[in-house]
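Asks: So the sequences go chain by chain: A and B.
Position 273 (the first sequence) corresponds to 273 in this note's numbering; numbering is contiguous.
Position 441 (the second sequence) corresponds to 441 in this note's numbering; numbering is contiguous.
Chain copies aren't distinguished; within one or between two, either way the pair holds.
Pairs of lysine-lysine, DSS-like flavour, derived with a Cα cap of 30 Å:
(1) Lys249 - Lys291
(2) Lys247 - Lys291
(3) Lys410 - Lys365
(4) Lys284 - Lys345
(5) Lys142 - Lys111
(6) Lys291 - Lys188
(7) Lys137 - Lys335
Just so you know, these hints were derived from the structure itself, not from any lab.
Protein chains: 2
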Amino acid sequence: MKREVTIIGAGLVGSLLGIYLAKRGYPVTIYERRGDMRKEKISAGRSINLALSDRGIRALEEVGIMNDIRPITIPMHGRQMHHEDGSSAYQPYGLAGQFINSVSRGELNIKLMDLAASYGVDIFFNQTCDFIDWDKKTIHFKHGESTIIKKFDLLFGSDGAYSATRLNHQLQHDRFQYHQYYIDYGYKELHIPPGADGKFMMKENALHIWPRGNYMLIALPNTDGSFTCTLFFPFDGEPSFASLTTKQKIQDFFTEHFPDACNLMPTLTADFVHNPTSSLVTVKCFPWVRKNHFTLIGDAAHALVPFFGQGMNCGFEDCSVLDKLIDEEKEDWEKILDRFQELRKPDADAIADLALNNFIEMRDKVADPVFLLQKKIENRFSSKYPEIWTPAYGLVTFRPDLRYSTALEKGNRQQAIMEEIMRMPGIQDIWDSQQVEDAMLQKINTNHV
Amino acid sequence: MKREVTIIGAGLVGSLLGIYLAKRGYPVTIYERRGDMRKEKISAGRSINLALSDRGIRALEEVGIMNDIRPITIPMHGRQMHHEDGSSAYQPYGLAGQFINSVSRGELNIKLMDLAASYGVDIFFNQTCDFIDWDKKTIHFKHGESTIIKKFDLLFGSDGAYSATRLNHQLQHDRFQYHQYYIDYGYKELHIPPGADGKFMMKENALHIWPRGNYMLIALPNTDGSFTCTLFFPFDGEPSFASLTTKQKIQDFFTEHFPDACNLMPTLTADFVHNPTSSLVTVKCFPWVRKNHFTLIGDAAHALVPFFGQGMNCGFEDCSVLDKLIDEEKEDWEKILDRFQELRKPDADAIADLALNNFIEMRDKVADPVFLLQKKIENRFSSKYPEIWTPAYGLVTFRPDLRYSTALEKGNRQQAIMEEIMRMPGIQDIWDSQQVEDAMLQKINTNHV
Chain A
1 MKREVTIIGA
11 GLVGSLLGIY
21 LAKRGYPVTI
31 YERRGDMRKE
41 KISAGRSINL
51 ALSDRGIRAL
61 EEVGIMNDIR
71 PITIPMHGRQ
81 MHHEDGSSAY
91 QPYGLAGQFI
101 NSVSRGELNI
111 KLMDLAASYG
121 VDIFFNQTCD
131 FIDWDKKTIH
141 FKHGESTIIK
151 KFDLLFGSDG
161 AYSATRLNHQ
171 LQHDRFQYHQ
181 YYIDYGYKEL
191 HIPPGADGKF
201 MMKENALHIW
211 PRGNYMLIAL
221 PNTDGSFTCT
231 LFFPFDGEPS
241 FASLTTKQKI
251 QDFFTEHFPD
261 ACNLMPTLTA
271 DFVHNPTSSL
281 VTVKCFPWVR
291 KNHFTLIGDA
301 AHALVPFFGQ
311 GMNCGFEDCS
321 VLDKLIDEEK
331 EDWEKILDRF
341 QELRKPDADA
351 IADLALNNFI
361 EMRDKVADPV
371 FLLQKKIENR
381 FSSKYPEIWT
391 PAYGLVTFRP
401 DLRYSTALEK
411 GNRQQAIMEE
421 IMRMPGIQDI
431 WDSQQVEDAM
441 LQKINTNHV
Chain B
1 MKREVTIIGA
11 GLVGSLLGIY
21 LAKRGYPVTI
31 YERRGDMRKE
41 KISAGRSINL
51 ALSDRGIRAL
61 EEVGIMNDIR
71 PITIPMHGRQ
81 MHHEDGSSAY
91 QPYGLAGQFI
101 NSVSRGELNI
111 KLMDLAASYG
121 VDIFFNQTCD
131 FIDWDKKTIH
141 FKHGESTIIK
151 KFDLLFGSDG
161 AYSATRLNHQ
171 LQHDRFQYHQ
181 YYIDYGYKEL
191 HIPPGADGKF
201 MMKENALHIW
211 PRGNYMLIAL
221 PNTDGSFTCT
231 LFFPFDGEPS
241 FASLTTKQKI
251 QDFFTEHFPD
261 ACNLMPTLTA
271 DFVHNPTSSL
281 VTVKCFPWVR
291 KNHFTLIGDA
301 AHALVPFFGQ
311 GMNCGFEDCS
321 VLDKLIDEEK
331 EDWEKILDRF
341 QELRKPDADA
351 IADLALNNFI
361 EMRDKVADPV
371 FLLQKKIENR
381 FSSKYPEIWT
391 PAYGLVTFRP
401 DLRYSTALEK
411 GNRQQAIMEE
421 IMRMPGIQDI
431 WDSQQVEDAM
441 LQKINTNHV
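Work out the full structure: start from the sequences and follow the hints.
Replies: Structure representation (structure tokens):
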């Protein structure tokens, strides 16, 4: 007899987890706080695009649904960098054939819910988890003034960065390690519509970036020819969400700093005013697990800032790791859950740190000539010796065989080498010389990178 | 008209804050979750002793109550270090005349509540803060099944490390920075009773320490001739609270590792079994304040581990800083509270880090010969040049004129110098030479320590 599975949260990770477990024969019920997005319109300004990459794809392939998902993705083979003067330059990702995939959160979620339902998963909507009684193993769902109480046997909390299951877990747990850190930046969704006949108005197969040091705009393609744009912007200061107080100021700001994007955004000022400004949080906690009957998973266990494009991919990898442990531990759920958190906690911490560091790097260093020179040296070296040097982005994005924690360690060792290289006398003049190349090769040998 | 002040928590900081504000003419009401410890017996094993030092004393003096407190304190002029063979050695604190003071948490709290009451502060007991409505400015107190709702105007949350006001603040606050970290050690209170005629069975005016690397026992004198002992001990592993499972194991363990203390503890095994094992947490959060009507203060704002003996002293200093700001900002509470958190947050972070580092140092380095040699060099130098070098402990404990954050910076600069000194060739042989002394003087000059 398989244990009865209850999942809180029918987001990307909850739905995929439901598919994994249902395919193994577990009876699965999912409770979702929101309404059914398959019937209701997704609220404007929340249809954020995500970058599905190799770790996420591997999980989808394992569970046999990647072919269902592929049609709603658009491969992005590189970055299109847009400069302030309106010009732009294309940089392919890593090696030939490596790409990441633009996918709409809403479309993907609907697809995953449909697939879950097709495997027999029951999903109930508008179910707000209010309280969990860990002794009685019951969940209290609030419906206006009344409460509906459901028993659970094996419970998963996949209810996202602001997880209600985590809060109930935390408040009734002795010595719970908990850390939440908001960066002082928010994000806002903006929109570039398709041109005539649904034509893309910019390069289709690219992730578009307008880096501006203290802030950044990105755009990812949608299947309908539009682009979903996201502005990452300080909450306060000059310029910031707080300082762009009128439509005129918004228009002027975009005209000055994002001239090419601005021309493609007919609804810019209305979108800016009406779309919500969302926060960006890192959450770390421990333990994730209660004995043999509960674990947090996905963002609920480890919310990341989006600057490495790994939040969803990490959550999908969680499902894949859990799935392997079910086999290895022969469905002994106390062992499965214990090993799950032991294995995944260091990896979740690593990608959380990598993502936050990437934010700091983008914010502070994008105009730093030493940093830019270092990137040039690294890229030159890595394209010449792809087998021995992959920049951190590539380790995280295109090497699903490496644990995040291993990618972080490897990245740190590479960074230490680069710091030595950058201290070579006259490095700005000799950066593309054989001497620098030899020095790197020698340091790699000595440091066993 | 003075604003009406409501304080949640009649602990050490809440009571002292009540005194500060009542003396300024504010009408003050305190709500306390527990019963009145002046009428009820303090629960056994919770009568922890504290070390009142210069920062705390300064606050008590400022508000004019140090003379009321002094009779319940016992000066401790140094550390008595007890070795595993039963021998011991005395180390005076810093300079001549510098001392810290043993005081019972319970006795001090009762004294502060009595003083608060004498200044007209109303204290209500058995009041569990359940919910705060920040819009309506009401506090909901739970009494069994019923709820009593009280209005507030100017609210202080001084309800300790597990603060209910903080939780209500946090859960209803956008982008709240929050960090709680439990070390994997707990503590348990033990007891050395007085001898015949109330005589102290060990040196009276000292803080007694039995350092054992992975764990530690301390004892502080009480006015009745007894000592309150605290064992800091791992929760798990070998040895740990989890491993000492029988009275025989407890007795054997103490006989082996604390032979002298053990002989003075007739109720050791009973105390060990019956007294609770408590956790040790660091809490950092931000913001502490809501506009002009709320702030966290004391442990509720910044819980520390006890390894620098600064938790209470830091909370008392909070009251003193707030008091000065009331004058400086002429009772404009929006400005007072805003400056309070801006000023105190870096200092609270600094002492939290210092306390945690001290724990790590005690745990990992007490048997490290390099570390011990470094301490010897530092102590030698500091006793020769007390005006130019004070070890970090002295900066924190005996220099209330320095902010905690300044003490941390100064301590870090000194640590950097010591790391260079420890790299001098043959340092173990020349540690007390003129050469090392000169090197330190030169580095101090260069680094402007």
